[in-house]
Amino acid sequence: MALASIAPPFPSARQSGDRRARARVVRIGLIVALGLSMVLGLGGGAASDTDVWGGLLTKFGLATASARDVTIIWDIRMPRVMTAALVGAALAVAGAVMQGLFRNPLADPGLVGVSAGAGLGAVAAIVLGGLLPLAVQVASGAYLVPFSAFLGGWASTLVLYRIATRGGRTSVATMLLAGIALGALTGAITGIIVYKADDSQLRDLTFWGMGSVAGATWAKLWAAAPLILASLFVAPFLARALDALALGEAVASHMGIDTQMMKRVAILSVAGSVGACVAITGGIGFVGIVVPHLLRLVQGPEHRNLLPNAALLGAVVLLLADMVSRVVVAPAELPIGIVTAILGGPVFMWILLKNRSLSDV
Amino acid sequence: MSETSITASKLRVRFGRHTALNGVDFSAQAGQLTAIVGPNGSGKTTLLRALTGDVAHSGKVWINGRETASLRPVELARLRAVLPQSGSVAFPFTVLELVRLGLTAGLATACPQAQATLPQAALARVGLAGFESRLVQDLSGGERQRVHLARVLVQIWEPVLEGAPRWLFLDEPVSALDIGHQLIVMQLAHDYAQAGGGVVAVMHDLNLTAMFADHVTLLGAGQVRASGAPQEVLTDRDLSACYGCALRTNTPPPFGGTWILPQATGQSPSQSAGLSLGQGSLS
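Sequence order for the protein chains is V and B. Mapping of the first sequence onto the working numbering: position 314 corresponds to residue 320, and the numbering continues sequentially without gaps. Mapping of the second sequence onto the working numbering: position 209 corresponds to residue 226, and the numbering continues sequentially without gaps.
Treat the hints loosely; a few may be bogus.
Pulled a few chain B residues facing chain V out of the computed Cβ check, cut under 10 angstroms [stated by the list, open to error]:
(1) R83
(2) A98
(3) V99
(4) G104
(5) L120
(6) T121
(7) V177
(8) A263
What the simulated footprint calls covered on chain V by chain B, stretch by stretch (three residues with Cβ under 8 angstroms from a Cβ of chain B suffice, anywhere in the stretch; the number is not a length) [as the list claims (entries may be wrong)]:
(9) 35-49
(10) 207-218
Worth flagging that the hints you see were computed from the coordinates, not collected in a lab. The C-beta atom is built at its ideal place from N, Cα and C for all residues, glycine as well.
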């Protein structure tokens with residue numbers, strides 16, 4: 007693979023340190039890129055006539071932009087940019103954690119069953135929401151779909167976890183297989199509900215499945231942020247354990263890792279954050295696979311560097327994807343899930359072709 | 018239970034209907050290299066895995082007088098390190114990154130400042146100085162085995178910490194090594210025991226066992242056939258019966274060591290094995 011060909015036959019003792027140094031450089035670059043892409047995201051495209059800095063600073067009494075600009079920046083674009091950044095970070099970190107947990111560079115956050123369950127929850131809310139008492143419908147308003155998606159995601163993760171845990175030990179392999187079975191089951195139930203849906207519901211379903219940050223509001227963001235931030239906060243504490251787990255569960259436990267505790271924390275935090283992401287943005291693919299993968303190629307697999315950099319790169323990628331989605335078919339918008347799939351699919355294939363050995367490890 | 022020993026009583030392990038270990042009592046003393054020998058399928062690795070808690074078993078195991086089931090993973094990791102027979106690494110780690118993982122549990126030495134240099138020292142000890150930045154997946158089988166040995170060494174670098182011996186569990190540590198590195202690794206294990214630590218090694222090579230072990234436990238069909246000093250255990254009768262072939266122990270005067278030689282019987286290996294197995298039930 008690429009890194010092997012870079013390494014000279016009798017290299018100095020420093021390269022492993024070099025990887026850490028490289029990770030620091032990558033991190034600084036990503037922090038800058040994150041700042042830039044957030045500003046660009048607030049700008050809303052090249053043709054925008056909105057005074058971004060004015061709108062931003064007026065809020066603090068430091069400038070005098072029009073009320074229209076302040077509203078556009080703070081109430082429309084800011085929640086959207088924050089949502090894209092937060093969801094991108096969460097998906098990339100969740101992907102890295104799942105890949106470490108399943109000891110497979112191709113694992114996906116959806117493996118814990120959260121996507122399938124969340125999909126079922128969302129579909130049920132869209133199609134069957136009308137059957138709820140009117141008072142509940144009015145009270146839940148726009149939150150019915152995200153809330154139901156989140157519940158569905160968590161419920162299916164808990165079911166999987168129960169199935170895979172026996173005598174206090176959770177089998178990661180069983181979880182993977184049970185996930186396939188549960189995915190088929192929820193897929194079938196989703197199919198039944200979709201079959202019952204009318205045309206406008208079908209349209210809602212399709213757009214929800216494509217994923218979008220266009221509907222982002224502060225209220226939705228506040229609802230999802232605690233779970234997402236919690237998982238981002240927990241991730242660094244899993245770094246050493248994930249490194250050790252690369253050698254297998256028995257070896258990790260010989261090295262002093264409480265593997266059962268670690269699996270529980272990892273699975274539940276990923277289910278929480280991915281559930282929250284799916285709830286507010288729908289299905290956004292490939293970020294969780296491609297981002298950690300690219301970083302491993304550049305800076306090696308040590309999780310203490312991988313996890314923070316994945317959070318940064320994930321945020322940048324989703325911010326850029328959101329910009330692309332706003333620009334390419336302007337004035338309309340492409341759902342962001344389509345953009346990440348169009349960009350991520352070929353990148354992923356390219357990685358596979360270039361590094362066939364990766365899928366063998 | 019002694020505070021400087023590994024002790025196990027009445028270990029029993031079943032895989033489905035097959036009994037892999039049938040009421041094994043085992044003990045190993047700190048300051049000694051204890052070898053577990055026996056033919057394929059006799060339960061050597063299963064015994065090691067029961068001692069390290071990797072396989073469901075009945076019976077109890079004590080390490081330095083404390084029952085292992087009552088210790089947390091991190092407490093155990095500070096008392097003992099385990100070298101598995103083979104291991105895969107899921108991601109492209111470099112040699113140095115992998116060996117550093119041995120420091121996960123902390124307390125490799127009493128002096129925290131020394132920890133940073135331990136991985137390099139351990140690599141030099143197993144003959145892999147200069148390999149730090151190579152990718153583990155690109156190494157040969159024997160090199161990989163030594164990288165893992167270095168990782169295990171780093172974990173419990175000081176054989177005695179705060180007066181308590183620490184334990185190396187090695188599952189066929191020399192199986193993938195050439196003869197020169199076999200000697201290096203066995204000498205290393207021997208030195209670790211001489212320095213006050215304990216070593217429990219599953220061994221296939223009877224000659225290396227005779228050369229380096231202080232204590233030998235001979236297993237056959239999931240039971241202990243003999244246990245004691247090498248010259249007591251490595252006898253023609255017990256070895257031949259256990260391994261199902263004619264083996265002769267020699268002690269040539271000039272060296273004083275013990276050599277085990279297979280004896281050609283003029284029969285094909287399968288005939289010979291079948292014949293000897295018939296005679297081989299020790300009681």
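Closest C-beta approach of B/A98 to chain V relative to 10 angstroms, hint status:
7 angstroms, holds
Using the nearest Cβ pair, does B/A263 come within less than 10 angstroms of chain V?
38 angstroms, violated
Taking 10 angstroms as the limit, does the beta-carbon of B/V177 come near enough to a beta-carbon in chain V?
Constraint on B/V177 not satisfied, violated at 19 angstroms.
Counting residues of the stretch 35-49 of chain V that have a beta-carbon nearer than 8 angstroms to any beta-carbon of chain B, does the count reach 3?
Coverage by chain B is violated for the stretch 35-49 of chain V (0 residues, Cβ < 8 angstroms).
Annotated coverage of the stretch 207-218 of chain V by chain B, confirmed only when three residues or more have a Cβ within 8 angstroms:
violated (count 0)
So, as I understand it, the hint says B/T121 touches chain V; can you test that by seeing if any CB pair is closer than 10 angstroms?
Since the shortest Cβ distance to chain V is 4 angstroms, the answer is holds.
Hint check, B/L120 versus chain V [nearest Cβ-Cβ separation less than 10 angstroms]
9 angstroms, holds
Tell me if B/R83 is really an interface residue toward chain V, meaning its C-beta lies closer than 10 angstroms to one of theirs.
16 angstroms, violated
Can the hint on B/G104 be confirmed by a CB-to-CB distance to chain V that is less than 10 angstroms?
6 angstroms, holds
Is the hint on B/V99 kept, meaning its closest Cβ partner in chain V is under 10 angstroms away?
This interface hint holds because 4 angstroms falls under the 10 angstroms limit.
Checked against the numbered hints listed earlier, the structure breaks hints 1, 7, 8, 9 and 10; every other hint is satisfied.
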